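There are 2 protein chains.
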Amino acid sequence: MCFKLKMFIFKNFLDFVKFSFLLIIISNNLIAASIDFSYTSVRDKILESERVAATGGSIWLNAREAKANAILMKAKNQEITEGLRNPDIYAPSMHFFHAKSRIRRSEVFRIISKMPKGSFLHGHQRGMVSSKWIIKNIMSQFNVFSCRDQRGIFIFTARNHTKCVTPLENVCTERNNSPDKKQYDRVLEKHINMFTLHPEIGLTERNKLWEKFENIFYATEDIYKYLPVFREYNKRILEELYADNIMYAEIRSSLSPLYCDRNRNYSSLEVLNELEQIVKDFKKTHPDFIGMKIIYAKKNNANKAEMCKRIDTFKELYKAKPNILIGFDIVGQEDLGEPLQKFIDELSELPEGANFFFHAGETNWFGKTDLNMLDAILLNTRRIGHAYALAKHPQLWDTIKSRKIAIEVNPISNQILGYIWDLRNHPAAFYIAEDLPLIISGDDPGIWNGKALSYDFYYAFMSFTSAHADLRVLKQFALNSIRYAILTPEEKRQFNKIFSKKWDKFIDEIINSKY
Amino acid sequence: MCFKLKMFIFKNFLDFVKFSFLLIIISNNLIAASIDFSYTSVRDKILESERVAATGGSIWLNAREAKANAILMKAKNQEITEGLRNPDIYAPSMHFFHAKSRIRRSEVFRIISKMPKGSFLHGHQRGMVSSKWIIKNIMSQFNVFSCRDQRGIFIFTARNHTKCVTPLENVCTERNNSPDKKQYDRVLEKHINMFTLHPEIGLTERNKLWEKFENIFYATEDIYKYLPVFREYNKRILEELYADNIMYAEIRSSLSPLYCDRNRNYSSLEVLNELEQIVKDFKKTHPDFIGMKIIYAKKNNANKAEMCKRIDTFKELYKAKPNILIGFDIVGQEDLGEPLQKFIDELSELPEGANFFFHAGETNWFGKTDLNMLDAILLNTRRIGHAYALAKHPQLWDTIKSRKIAIEVNPISNQILGYIWDLRNHPAAFYIAEDLPLIISGDDPGIWNGKALSYDFYYAFMSFTSAHADLRVLKQFALNSIRYAILTPEEKRQFNKIFSKKWDKFIDEIINSKY
Numbered sequence: 001m002c003f004k005l006k007m008f009i010f011k012n013f014l015d016f017v018k019f020s021f022l023l024i025i026i027s028n029n030l031i032a033a034s035i036d037f038s039y040t041s042v043r044d045k046i047l048e049s050e051r052v053a054a055t056g057g058s059i060w061l062n063a064r065e066a067k068a069n070a071i072l073m074k075a076k077n078q079e080i081t082e083g084l085r086n087p088d089i090y091a092p093s094m095h096f097f098h099a100k101s102r103i104r105r106s107e108v109f110r111i112i113s114k115m116p117k118g119s120f121l122h123g124h125q126r127g128m129v130s131s132k133w134i135i136k137n138i139m140s141q142f143n144v145f146s147c148r149d150q151r152g153i154f155i156f157t158a159r160n161h162t163k164c165v166t167p168l169e170n171v172c173t174e175r176n177n178s179p180d181k182k183q184y185d186r187v188l189e190k191h192i193n194m195f196t197l198h199p200e201i202g203l204t205e206r207n208k209l210w211e212k213f214e215n216i217f218y219a220t221e222d223i224y225k226y227l228p229v230f231r232e233y234n235k236r237i238l239e240e241l242y243a244d245n246i247m248y249a250e251i252r253s254s255l256s257p258l259y260c261d262r263n264r265n266y267s268s269l270e271v272l273n274e275l276e277q278i279v280k281d282f283k284k285t286h287p288d289f290i291g292m293k294i295i296y297a298k299k300n301n302a303n304k305a306e307m308c309k310r311i312d313t314f315k316e317l318y319k320a321k322p323n324i325l326i327g328f329d330i331v332g333q334e335d336l337g338e339p340l341q342k343f344i345d346e347l348s349e350l351p352e353g354a355n356f357f358f359h360a361g362e363t364n365w366f367g368k369t370d371l372n373m374l375d376a377i378l379l380n381t382r383r384i385g386h387a388y389a390l391a392k393h394p395q396l397w398d399t400i401k402s403r404k405i406a407i408e409v410n411p412i413s414n415q416i417l418g419y420i421w422d423l424r425n426h427p428a429a430f431y432i433a434e435d436l437p438l439i440i441s442g443d444d445p446g447i448w449n450g451k452a453l454s455y456d457f458y459y460a461f462m463s464f465t466s467a468h469a470d471l472r473v474l475k476q477f478a479l480n481s482i483r484y485a486i487l488t489p490e491e492k493r494q495f496n497k498i499f500s501k502k503w504d505k506f507i508d509e510i511i512n513s514k515y
Numbered sequence: 001m002c003f004k005l006k007m008f009i010f011k012n013f014l015d016f017v018k019f020s021f022l023l024i025i026i027s028n029n030l031i032a033a034s035i036d037f038s039y040t041s042v043r044d045k046i047l048e049s050e051r052v053a054a055t056g057g058s059i060w061l062n063a064r065e066a067k068a069n070a071i072l073m074k075a076k077n078q079e080i081t082e083g084l085r086n087p088d089i090y091a092p093s094m095h096f097f098h099a100k101s102r103i104r105r106s107e108v109f110r111i112i113s114k115m116p117k118g119s120f121l122h123g124h125q126r127g128m129v130s131s132k133w134i135i136k137n138i139m140s141q142f143n144v145f146s147c148r149d150q151r152g153i154f155i156f157t158a159r160n161h162t163k164c165v166t167p168l169e170n171v172c173t174e175r176n177n178s179p180d181k182k183q184y185d186r187v188l189e190k191h192i193n194m195f196t197l198h199p200e201i202g203l204t205e206r207n208k209l210w211e212k213f214e215n216i217f218y219a220t221e222d223i224y225k226y227l228p229v230f231r232e233y234n235k236r237i238l239e240e241l242y243a244d245n246i247m248y249a250e251i252r253s254s255l256s257p258l259y260c261d262r263n264r265n266y267s268s269l270e271v272l273n274e275l276e277q278i279v280k281d282f283k284k285t286h287p288d289f290i291g292m293k294i295i296y297a298k299k300n301n302a303n304k305a306e307m308c309k310r311i312d313t314f315k316e317l318y319k320a321k322p323n324i325l326i327g328f329d330i331v332g333q334e335d336l337g338e339p340l341q342k343f344i345d346e347l348s349e350l351p352e353g354a355n356f357f358f359h360a361g362e363t364n365w366f367g368k369t370d371l372n373m374l375d376a377i378l379l380n381t382r383r384i385g386h387a388y389a390l391a392k393h394p395q396l397w398d399t400i401k402s403r404k405i406a407i408e409v410n411p412i413s414n415q416i417l418g419y420i421w422d423l424r425n426h427p428a429a430f431y432i433a434e435d436l437p438l439i440i441s442g443d444d445p446g447i448w449n450g451k452a453l454s455y456d457f458y459y460a461f462m463s464f465t466s467a468h469a470d471l472r473v474l475k476q477f478a479l480n481s482i483r484y485a486i487l488t489p490e491e492k493r494q495f496n497k498i499f500s501k502k503w504d505k506f507i508d509e510i511i512n513s514k515y
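So the protein sequences, as listed, match chains X and H.
Quick note: the first sequence, position 128, residue 128 per my numbering, numbers continuous.
Quick note: the second sequence, position 15, residue 15 per my numbering, numbers continuous.
Quick caveat, the hints were computed from the structure, so don't treat them as lab data.
This structure is a prediction, so every number in the text was calculated from the model and none was measured.
A couple of the hints might just be wrong.
For identical chains, the list gives no copy identity; a pair is met inside one copy or between any two copies.
Restricting the straight-line Cα-Cα distance to at most 20 Å, the calculated cross-link-like pairs of lysine to aspartate or glutamate (EDC-like) are [stated by the list, open to error]: (1) Lys401 <-> Glu434; (2) Lys100 <-> Glu205; (3) Lys368 <-> Glu434; (4) Lys368 <-> Asp88; (5) Lys299 <-> Asp312; (6) Lys342 <-> Asp44; (7) Lys404 <-> Asp435; (8) Lys283 <-> Glu491; (9) Lys208 <-> Asp88; (10) Lys190 <-> Glu169; (11) Lys100 <-> Glu174; (12) Lys502 <-> Glu306; (13) Lys284 <-> Glu200; (14) Lys284 <-> Glu239; (15) Lys505 <-> Asp345; (16) Lys208 <-> Glu48; (17) Lys368 <-> Glu48; (18) Lys319 <-> Glu352; (19) Lys132 <-> Glu189; (20) Lys368 <-> Glu82.
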């Protein structure tokens with residue numbers, strides 16, 4: 001005794017009241033326009049109101065963008081359809097180390113690669129450049145030595161490093177003497193890359209992931225402080241960003257003093273000058289590149305006196321270079337570091353005009369490390385690095401939204417460091433659904449050969465957003481990265497102008513290429 | 001030039017305005033009472049407002065409860081402190097198969113085991129009883145045979161089963177003839193338990209998890225349909241619930257006809273009668289047990305005509321047994337099943353008084369399978385099974401809250417079936433922070449020897465809630481499970497009375513035992 005109902009029929013008045021109530025609650029902004037109460041129509045309206053409320057929901061596409069969008073969505077739908085059939089090899093659900101070769105073959109990824117992505121706002125200077133390039137270039141162009149410290153940890157250096165307990169080996173010589181040079185490079189690269197064939201094993205010993213990660217920074221610290229390498233390295237940062245269609249960056253740097261031949265040392269201020277010059281030179285050859293600014297960032301294991309000193313150093317540097325130095329951060333494995341709360345007094349001395357860009361909530365803990373987010377907000381942070389634990393703190397959402405504190409989400413980093421396995425479970429899906437201020441970034445793409453932002457954008461688009469989310473959310477990611485960057489009005493004007501041009505070119509490319 | 005500030009000092013009026021604004025937004029319910037603007041005081045108030053807004057936030061503890069709470073929280077803090085030191089062996093972050101032996105040694109778990117937990121509201125009849133007990137009892141007490149079907153899948157039966165292509169082996173005889181009986185039992189149990197030594201491997205081939213899971217149900221289907229086994233099995237369900245301090249259950253059952261010796265078959269209605277009698281008998285010996293009701297649940301791979309027939313069958317059964325049969329559901333791997341939307345017409349024929357308890361959103365997909373949640377709500381579902389994908393759909397939260405649609409969260413099930421690894425990433429942390437209507441359940445605890453609800457409650461308490469969440473959230477979990485159960489006013493009155501008595505006894509036990 002089943003009747004096929006073309007319309008959703010209300011059994012009685014009560015149901016009707018309930019139903020209208022539901023409609024008002026769910027899509028109160030749409031009720032006025034709605035007189036069609038069929039099941040399908042109500043359902044569609046709720047879905048549409050979800051789309052509008054999410055990141056990118058207020059963007060309107062012009063005719064050409066709509067055309068490009070259709071091409072993008074055809075590719076996205078194909079990947080999803082294939083993924084529903086073979087979920088175990090659906091790249092957006094897989095670990096980056098398993099998925100990378102699949103992503104490279106993805107049409108969506110190819111489109112994203114070409115897309116102008118705006119700014120790179122969460123990156124660590126010494127994790128930015130592809131390890132592959134480092135091995136191929138830095139290790140062969142310069143007089144690089146390797147050694148081990150007393151714990152057996154690998155170190156690259158260009159001087160008699162006090163931490164070395166084994167004899168210095170010249171990397172060039174060793175390489176030339178090795179029977180298989182490619183194999184030698186592969187082994188060498190392992191010291192500066194997180195790759196592993198079976199990342200799933202890492203889930204049962206996640207502490208080791210951070211240890212490996214810290215060891216990579218430890219291995220390269222001294223060689224990156226060697227002025228000639230420093231120059232090449234930082235130039236390369238800009239090249240890799242530019243190659244991935246990124247026009248601007250704000251990079252966390254410790255601004256540690258550099259060394260050079262003949263025992264000449266370079267102070268933090270001189271490091272800033274060096275960086276300024278490198279960016280200037282790069283802009284000469286790449287006039288559509290906006291620039292790179294620096295967030296002063298030191299490790300999170302300081303005592304109060306040390307923190308006090310850092311703020312003082314920052315003040316001096318900031319006074320000298322307020323245009324390139326924009327703010328202050330504390331970095332390192334947050335779960336093991338000192339809580340922000342410890343430094344409230346010291347941190348309240350930040351000079352006028354400078355900003356905090358605190359790492360906070362990069363944790364799976366709840367009611368512990370994650371409280372750094374609360375302190376970051378109370379300290380008036382400009383953006384928050386990661387805020388991975390934010391979904392657990394509804395009391396902070398409104399503030400983040402009303403004060404436009406952008407969340408810097410780093411999908412692949414969170415995965416590789418063991419906070420999450422399937423990125424479709426990442427809380428950013430929720431941030432995007434709620435349209436919290438957010439930008440997508442890469443953290444340390446060099447350390448997993450992550451190609452600046454494209455892979456992270458791929459995951460953000462495919463794993464964090466609905467199957468129905470389209471070019472509008474991608475465009476909003478880029479626009480957010482401009483909006484939440486620290487730019488002068490003139491820089492912003494120029495940036496928007498260049499972005500707009502590049503965006504149009506990108507749209508043309510999609511339409512004209514044989515996607 | 002750092003000054004230690006005992007108070008958080010506002011640099012200028014603008015900061016003060018910003019800060020008050022923050023305070024109003026974050027804790028608008030507290031502003032009136034607040035005149036203390038010190039950093040610590042503001043921080044504490046925000047944290048307190050988070051606690052109050054979360055599940056359990058409105059519960060007040062009496063003096064004895066407060067004393068018991070102190071004991072509970074001492075144990076919780078100890079585990080967390082130890083976990084911060086050794087995060088890789090912190091049970092709440094680990095997979096159940098790695099963590100089980102650790103959880104068993106946990107003080108928090110011991111307290112939770114003794115706690116009266118109210119109702120078990122999301123369980124599948126054939127996944128309820130510990131596989132260990134099945135092997136030890138069903139397989140030795142009855143004339144059970146095993147065989148393989150043409151795909152090689154294992155089957156237990158008590159008759160000449162048409163699906164068997166290998167000769168029937170008598171399990172008792174085989175066991176008696178085996179050189180190592182314990183080893184024989186272990187191998188046998190593997191056919192009806194999800195356990196694996198390295199669950200992390202499962203993350204790369206998650207489809208196999210559901211396959212294994214379905215094969216377990218397939219293996220036991222026919223033996224559980226054998227009336228003498230059916231009786232023992234369902235009696236055991238009640239015993240295991242009762243042993244874990246659960247007083248009531250609502251169980252999904254297909255009510256498939258039973259068979260017995262001499263070719264006598266039992267219809268679905270007779271199955272209901274059988275269940276009613278088993279519960280009646282159990283209540284005679286356990287007068288403080290409230291009962292067990294049935295949700296009629298069939299597989300999600302039907303066509304429209306079949307769904308129509310099911311609703312008709314349900315109508316008949318419901319007419320005959322409205323007190324024990326309370327509603328309707330569709331079950332199976334949601335990602336592979338038919339979407340709810342397909343059956344809107346058929347499902348709108350549900351008889352007055354009956355309820356839907358739809359599985360919906362048990363998925364990692366976004367904009368696909370998860371849309372079942374929207375249809376479940378539009379179909380006026382009474383509760384939602386899993387709603388794992390809910391955090392991605394802010395437009396549905398208000399409706400779920402205002403219409404008190406309880407979410408049935410099954411922590412261990414979600415983990416074992418590969419939806420999530422670290423349960424601290426489970427969206428339920430967010431549901432609890434937002435105080436969405438929710439109950440904690442076990443889904444199929446027998447299939448992972450999960451001891452009814454205690455392990456799930458342990459994860460819910462340790463992985464989903466803040467380090468500061470205490471006895472109040474646990475009590476609320478239990479109270480919710482009574483509140484969202486389908487009970488007559490008389491049953492509810494009796495339940496509350498019994499629960500209250502048991503709760504007091506539990507509090508006394510904590511205080512008096514040497515925790």
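Intra/inter-copy verdict for lysine 404 and aspartate 435 if alpha-carbon distance must be at most 20 Å: within (11 Å within a copy, 25 Å between copies)
Homo-oligomer pair classification [glutamate 174, lysine 100; C-alpha up to 20 Å]: Neither, since 31 Å and 50 Å both go past 20 Å.
Lysine 319 and glutamate 352: within-copy, between-copy, both or neither at 20 Å Cα: The answer is within: 10 Å in one copy meets 20 Å, while 74 Å across copies does not.
Homo-oligomer pair classification [aspartate 312, lysine 299; C-alpha up to 20 Å]: within (16 Å within a copy, 67 Å between copies)
Homomeric proximity label, lysine 190 with glutamate 169: Cα distance no greater than 20 Å: within (17 Å within a copy, 54 Å between copies)
Identical-chain pair category, lysine 368 with glutamate 48, by Cα at 20 Å: between (38 Å within a copy, 15 Å between copies)
Same-copy or cross-copy closeness of lysine 132 to glutamate 189 [CA-CA at most 20 Å]: Answer is within: at 7 Å inside a copy they meet the 20 Å cutoff, but 49 Å across does not.
Within, between, both or neither, where lysine 401 and glutamate 434 count as close if Cα-Cα is 20 Å or less: both (10 Å within a copy, 17 Å between copies)
Copy assignment of lysine 368 with glutamate 82, given that the CA separation must stay at most 20 Å: Intra 41 Å, inter 13 Å, cutoff 20 Å: inter-copy only.
Intra/inter-copy verdict for lysine 284 and glutamate 239 if alpha-carbon distance must be at most 20 Å: within (13 Å within a copy, 79 Å between copies)
Intra- versus inter-copy proximity for aspartate 44 and lysine 342 (alpha-carbon distance at most 20 Å): between (50 Å within a copy, 15 Å between copies)
20 Å Cα threshold - placement of aspartate 345 relative to lysine 505: Cα proximity of lysine 505 and aspartate 345: none, with 50 Å in one copy and 48 Å across.
The structure does not agree with the numbered hints 11, 12, 13, 15, 16 stated previously, though it agrees with the rest.
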